[in-house]
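Asks: What follows is each chain in one-letter form.
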Amino acid sequence: MSSNRWVPMGAGVGLRLPHVVEIVATRPSVPWLEIHPENFLANPHATELLLEARRDYPISVHTVGVSVGSVGGIDHVHLRRVRTLVDMVDPVLVSGHLAWSTHDGEYLNDLLPLPYDEETLRLVAAHIEEVQDGLGRPYLLENPSSYLGFDTSTMGELEFLCELVRRSGCRLLCDVSNVYLSAHNMGYDPYKYIDGLPVGDVGELHLGGFTPEEDEAEPGAEILIDTHAARIAEPVWELYAHAVRRFGPKPTLIEWDNDIPSFAVLLAEARRADEVAAAARALAPEPRCAVAG
Amino acid sequence: MPSLAEMQLRIRRAVVDSDAVGIAPLLVGGRDPRRRLAIYQRHYRSSLVAAIGSKFPATAWLLGTPFLDEAARQFVRQQPPAAPCIAEYGEEFPRFLSNYPGAARLPYLYSFGELEWHLGQVAIAVDRPTPALEAFSGFEINTLMDTGLTLQAGLRYLYASWPVDDLMKLYLTDTAPAEYRLAPADVWLEVRGSRGEFRIGRLDAAEFLFRKAVLDGESIGAAGERALDANTGFDVGRAFTTLVRTGHVIGTTSRDRGGQA
Chain A
1 MSSNRWVPMG AGVGLRLPHV VEIVATRPSV PWLEIHPENF LANPHATELL LEARRDYPIS
61 VHTVGVSVGS VGGIDHVHLR RVRTLVDMVD PVLVSGHLAW STHDGEYLND LLPLPYDEET
121 LRLVAAHIEE VQDGLGRPYL LENPSSYLGF DTSTMGELEF LCELVRRSGC RLLCDVSNVY
181 LSAHNMGYDP YKYIDGLPVG DVGELHLGGF TPEEDEAEPG AEILIDTHAA RIAEPVWELY
241 AHAVRRFGPK PTLIEWDNDI PSFAVLLAEA RRADEVAAAA RALAPEPRCA VAG
Chain B
294 MPSLAEMQLR IRRAVVDSDA VGIAPLLVGG RDPRRRLAIY QRHYRSSLVA AIGSKFPATA
354 WLLGTPFLDE AARQFVRQQP PAAPCIAEYG EEFPRFLSNY PGAARLPYLY SFGELEWHLG
414 QVAIAVDRPT PALEAFSGFE INTLMDTGLT LQAGLRYLYA SWPVDDLMKL YLTDTAPAEY
474 RLAPADVWLE VRGSRGEFRI GRLDAAEFLF RKAVLDGESI GAAGERALDA NTGFDVGRAF
534 TTLVRTGHVI GTTSRDRGGQ A
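Each protein sequence line maps, in turn, to chains A and B.
No gaps in the numbering here: position 163 of the first sequence is 163 in this note's numbering, and each next residue is one more.
Throughout, this note's numbering is defined as the position within the second sequence, counted from one, plus 293.
Incorrect hints may have been included.
[What the hints assert, rightly or not] Simulated restraints, written as ranges between beta carbons of each label pair: (1) Arg-27/A x Glu-384/B: 30 to 40 Å; (2) Glu-384/B x Glu-48/A: 17 to 27 Å; (3) Arg-167/A x Arg-492/B: 52 to 62 Å; (4) Met-294/B x Glu-218/A: 26 to 36 Å; (5) Ala-498/B x Ala-264/A: 47 to 57 Å; (6) Thr-539/B x Glu-48/A: 17 to 27 Å.
[Claimed, not checked] Examples of chain A residues lying across from chain B (beta carbon under 7 Å, computed): (7) Glu-38; (8) Glu-48; (9) His-78; (10) Leu-112; (11) Thr-120; (12) Thr-152.
[Stated by the list, open to error] For the chain B half of the interface with chain A, some residues (derived, Cβ under 10 Å), not all of them: (13) Pro-295; (14) Pro-318; (15) Leu-330; (16) Glu-381; (17) Val-419.
Derived from the structure by calculation, the hints contain no laboratory data.
Heads up, the beta-carbon is just placed ideally off N, CA and C, and yes, glycines get one too.
Kindly generate the complete structure, drawing on both the sequences and the hints.
Replies: Here it is, written out as structure tokens:
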């Protein structure tokens, strides 16, 4: 249940539709690419180009529509479509979100929050097993970007994730920007959060930009919105360095999904991630490692 | 304490219907978490309205962006997506739009929106290799008439009682005059696209009925019968060879022939 392909340790870039033709035509130097399968499943032309790109780049598949937190269950029609693409692409990593998006036959086009309690834990653990079986691959789960929580929660997010890993056997995708943003919005220490994640179970890191907005309920205070529409903020780079020191070298992705800039801007962010990681580890050469299956 | 199912129902109401009464008492975060719920409400609305807008730029040109956006806001509230591939969301929008208050003065709006939707769909299709006409030389005539054809994925056949293709060409070529009078006229359109490109062509009624019937899965003979109803002089053999020679056909659905020409 694993890919035999290798993922380089250097920072990869999200491959979004506006860049697909350019990437295939120019083959820029980037160690790996990540796609959202939902953008390709309904687009045969983009899929054709993706299959060309995969000859030169390892691909990671990051789902946004596999709703592991929905009480209505996994959408198996969608999961089969993702499986078809996964089988064609043979990705080095497959991942998704700790969130829910579907309700009674509707897709709500967002990563909606979950209460952290035993009922949710059982549900999500069972769904992750379904997803891993359905895709025939290990599934990394990403920590959410949070703006609010529920007073019905009986545990914190960190405790929830650690227990989820224990029960489901899944690994974690630590979105460092989400950690920073959620800690800011919900009022906790992002460094302690990173320190609380199980080191051996973190398989990938994400970095993305956010947009500060005034918190309407608290004039003068800011709330950070996970827009993926900006460069990575300086405090997030610092937190990323801390994450690299704690987790060691991990494949890291630069995410930019809205107001998408030129590919050169994304490459520059990826290069900076490599520099920050190298400085954090104070190591010279880039090792390569197999993705644990 | 509400179950997870009950909580998700309440959140759905808050996000789609802007009814946060049920979920608000359960929220924590910041000084007023109800206001933070607006982040999800706003994202649901704005992301889907933008998705609709990106698929119907010509319709927005025709109606004005504010009108289209307001109609799209109502659409995403009344007809949320059913699946995570947002590229597939919006096929019903032209029908919704044509029934939207204020749209009655544009009786061609549905056909124009439908045409635009299909232009977007065929442009992302991929043409497949086509068999040469010689591949059919071994078919007995009766067998051939009973055979169905598989056509390129980037083909659509649309009928309209207004020349919406002319209107679309004005948009695509940015050549709209200050004033343009559109008069009713039947048009039978073939829309064909592949790998980012598309073209719109007109057919006569019989040719349209033949090709549409073939696309819909009818045998060559049955499709020919439909065309002959519209034009007793219709030449089925010529229509078939034209389809093959112009690269419309990628295979057959003949049971006898194992599905491929």
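Asks: Output the indices of the hints that this structure fails to meet, ascending.
Replies: As far as the earlier hints go, not one is violated by this structure.
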